[in-house]
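A.B. asks: Here is how the chains run, residue by residue.
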Amino acid sequence: MKGHKRDIVSTGKAPLKSPVAVSVGLHLLVFGIALAGWSWNTPPEPEPKSISARLISPEPRPTPVVEERDQADKEQERKQAQAREREEAERQRQAEEKARQEAERKAQEEARKREEERRRQEAQARELAEKQAREREAARQKAEAEAKERERQKAEEERKRQEEAKRRAEEEKHRQEEQRKKEEAERQRREEEARKEAERKRLEAERRLREQQLEALADQARQEREAEARRQQEAAAARAREAQMLSESEKYQALIRERLSQAWYPPSSATENMTARLQITLLPTGELASVKLVSSSGNTAFDNSALSAVRSLNRYPIPDNRDTFERYFRQFTIEFNPQRLR
Amino acid sequence: MFMKSRSRCSGSFLKTPVIACLVLFLTASLGARAELLIRITEGAGSAIPIAVVPFAESGSMPAGDKVGSIVQADLTMSGEFRPLEPSKMLSLPSERSEVYFRDWRMLGQRYVLVGQLTRNGDRIQARYELFDVNQEKRILGETAAVPASNLRSLGHHISDRVYEAITGAPGVFSTKLAYITVSGEGEQTRYRLQVSDVDGKRSKVRLESREPILSPAWSPDGKKLAYVSFETGKPVIFVHELATGERQKVADFPGLNSAPAWSADGRSLLMTLSRDGNAEIYRMDLASRNLTRLTDHWAIDTEAAWDHADRGIYFTSDRSGGPQIYHMERPGAEPRRITFGSRYNARPRPSPTGDYVYYVHQRDSTFHIARTNLETGEETVITRTGSDESPSVAPNGRLLIYATRQNGEGVLTVVSADGGAAYSLPASEGEVREPAWGPVTR
Amino acid sequence: MKMSFSTKAFAMLLSAGLVAGCSSTGENMEEGAYGSDVAAIDQDGGSTVYGGADGSGVSASELTDDERRAAQEQAEQEALRDITTFYFDFDTSEIKPDARDVLVAHARYLADNPRQQVRLEGHADERGTKEYNLALGERRANAVQRFLIVNGASRGQIETVSYGEEKPAVRGSTESAWAQNRRVELVFQ
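Note that the protein sequences, when read in sequence, are chains D, E and H.
Sequential numbering of the first sequence, starting at -11, is according to the working numbering.
Sequential numbering of the second sequence, starting at 3, is according to the working numbering.
Sequential numbering of the third sequence, starting at 133, is according to the working numbering.
One should not assume that every hint holds.
Computed cross-link-like contacts, DSS-like style, restricted to lysine-lysine with a CA-CA straight-line distance of at most 30 Å [to be verified]:
1) D:K142 - D:K130
2) D:K189 - D:K170
3) D:K154 - D:K169
4) E:K251 - H:K299
5) D:K86 - D:K101
6) H:K299 - E:K178
7) H:K228 - E:K206
8) E:K178 - E:K206
9) H:K299 - H:K228
10) D:K154 - D:K130
11) E:K225 - E:K68
12) H:K299 - E:K203
13) D:K280 - E:K206
Note that these hints are calculated values from the structure, not bench results.
Could you build all of it, start to finish, from the sequences and the hints given here?
C.D. replies: Here's what the structure looks like:
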């Protein structure tokens, strides 16, 4: 429907410039009207409202053109017939006018041809006189030009000769300049090389110095590293000795502990709160040199049990290593504190 | 049984010793002269070796056991001592100048007891000294005198002194035991209430009956016994003055009159009466005979004993279905159940220090004596015998006596309170039951 | 001995039931109702019955059915009452079902003889503690006392005492001995 409308509108806008165009236009118009009428007479499809709304709202072009045309159907046909009659009368009138204009044009053409012949003969005579005068003038001008040319050539040659001399002088000067520059460059190059050589030597000296210094530093560092390594080695050895002493110490601690535990008879009045501390001094033979109660449990029986236990050992198990003995077992403390009562 | 000793550096105990170890190492490696500390937390776990040298005697001595043997037996019974047999002694000193410590040390002895007995008319005087062998030090030196007929008392007294000097706790060898013996069958059955030394010697019958006698209980001063006698055909509570033999019927109510227990001041008795319908616990003021009911429950409540603070009571109740131990913090308070370990726990006896409560405990279809640590709630069975009954704690809390069966006969056994050593008292005629350990009297 | 009593009692109950159901069928049933096991008891009990107040003039031919039934019932009750010991399970005081009829017989007898006194002696086995067992024995005696009162006896006729584990019926530490020692004994005075 939409497409049809557009077609019809565009056809209607076309200007009626020729009978054929008019005819074609009319025919299309008739066909369009017929089609529009048929389409119009077809009951409108029951389209969903939403679709109708979509179709109507974005279509600004009104339809009255089509409606007018449809309503003035017969009027249009009558007007077309009248137009065709008018066009025929116009064509006959135009043909008569054309014949009359042709006769007038022929008479005017003959008068013009005669006038032109007379004017051509007068012009030929005038041209001949003018041609002779122009030839004389040309010969004179030619002589003058040749004289000027000779003078000019002569001056030109002189100028060229002078220029040549000048050019040669300049060339010589330039050559000399070049030579001088060249010598200067050479001198500068030599100076530069000398300078560079001096610089190189200086840098080399510096480098050597630096390297010597670095070598000295490296040597020092190496010596330090070695010293450190030696120190560490010594420390490790010391630690190892220490550890050995400790582990040996531990071993003998455990032995002493065991012997004392077996020798200790905590009294029945002992409680877990009771702690007696005894300071033991041993002889290098493992014999007890002295024992001192440094911290009493507050219970005489308990203190006595501890003292008795300490004194009950004839010889304490001690390490053979004298250092270990001196360090740990020459003098130590024993704490008696029952954790699990009988 | 005893774990190996631990020291601060054993690392196997707690975290703190480990840290202590590190600290020790650090200080040691820093070169400081850190003094070594060795910590002893476990003892030998065995009895203390002691030499009780037979006492020198001057003058005629009564026949029977020597004082030295009595002391030896006492110390052995305690479970804490291991006396040396006299035959193994290298010398028999009777005073300090004769004691060669090196010899005793060689024999592995810790202590040596020496003494002399002197007859002085009707009396016998003892002079005795106790030496610490390792310290070569005299730790006891005393004299004591007794009538010649009372030599055993002297022995027990010396045992008490030695025990206290070494262990720091009072000895209980001079205390008495009360117990019941049963002999004969049928019409000839005789029930006897007897009192003896703790070693079972010098026993005396205090009451004899054709009818059962039950539940002897010592008054705190050791002068009276309360007990239940069926002599009237039903259980009745008597209080019996030992010195005079005078007896008082203190509770003869309808139904049960049973389970007497003295208060620490000796003025009142706890008892179980069923006068009000079923077995409940009452306190009787002995002077006025006034009764105060302490329990009120449809279940059986019986076997009461004052707690060590003498404020609340322990007792047996089957209110939970079977007999269990309860503690009533003070009269009228809601009882708190103590035992949960088995379906039968009865007859509580608290330790004098209040650390433990001892009771009869059924396990694996037999009965043992068990104790519960009142602080931790931990329960330990302390007897290895079966059919064990009637635990009674010694006044020092170190020993416990109970009744058990040997070859079908009831006997008494003394055991250390943690179940260590056990010592059976010599069997007497017939069956022995219901021991009650008497108080320390001075 | 005591165990066999209860067995017999049970047989007696059976016979009583049979008699009640077949009272009109004749004397041969009565003969058949007494098993050989029960016979000794019957004779034993019978001697008491026939040596008693009703001894004179007893003649089977003169008895009506009712009289005969009453006499028979009485004899059965007498026989039941020979059972005077009742047993309990460990640490309980529940009367066992098979003891009920016997106790009912005792209760009726006490009700019929208001001047009769009875002493209920409660006992326990040796297991457990003496004082707890004393209370347990009393609880058993009390349980029997209540049962007797509920079934017609009066409180004034009954005295209870507990011996706990002090007076075992059987010595020994066996299940069998213990079972026979957990008991209440009725002692008529």
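A.B. asks: To test your reading of the hints: which numbers does this structure violate?
C.D. replies: 7, 10 and 13
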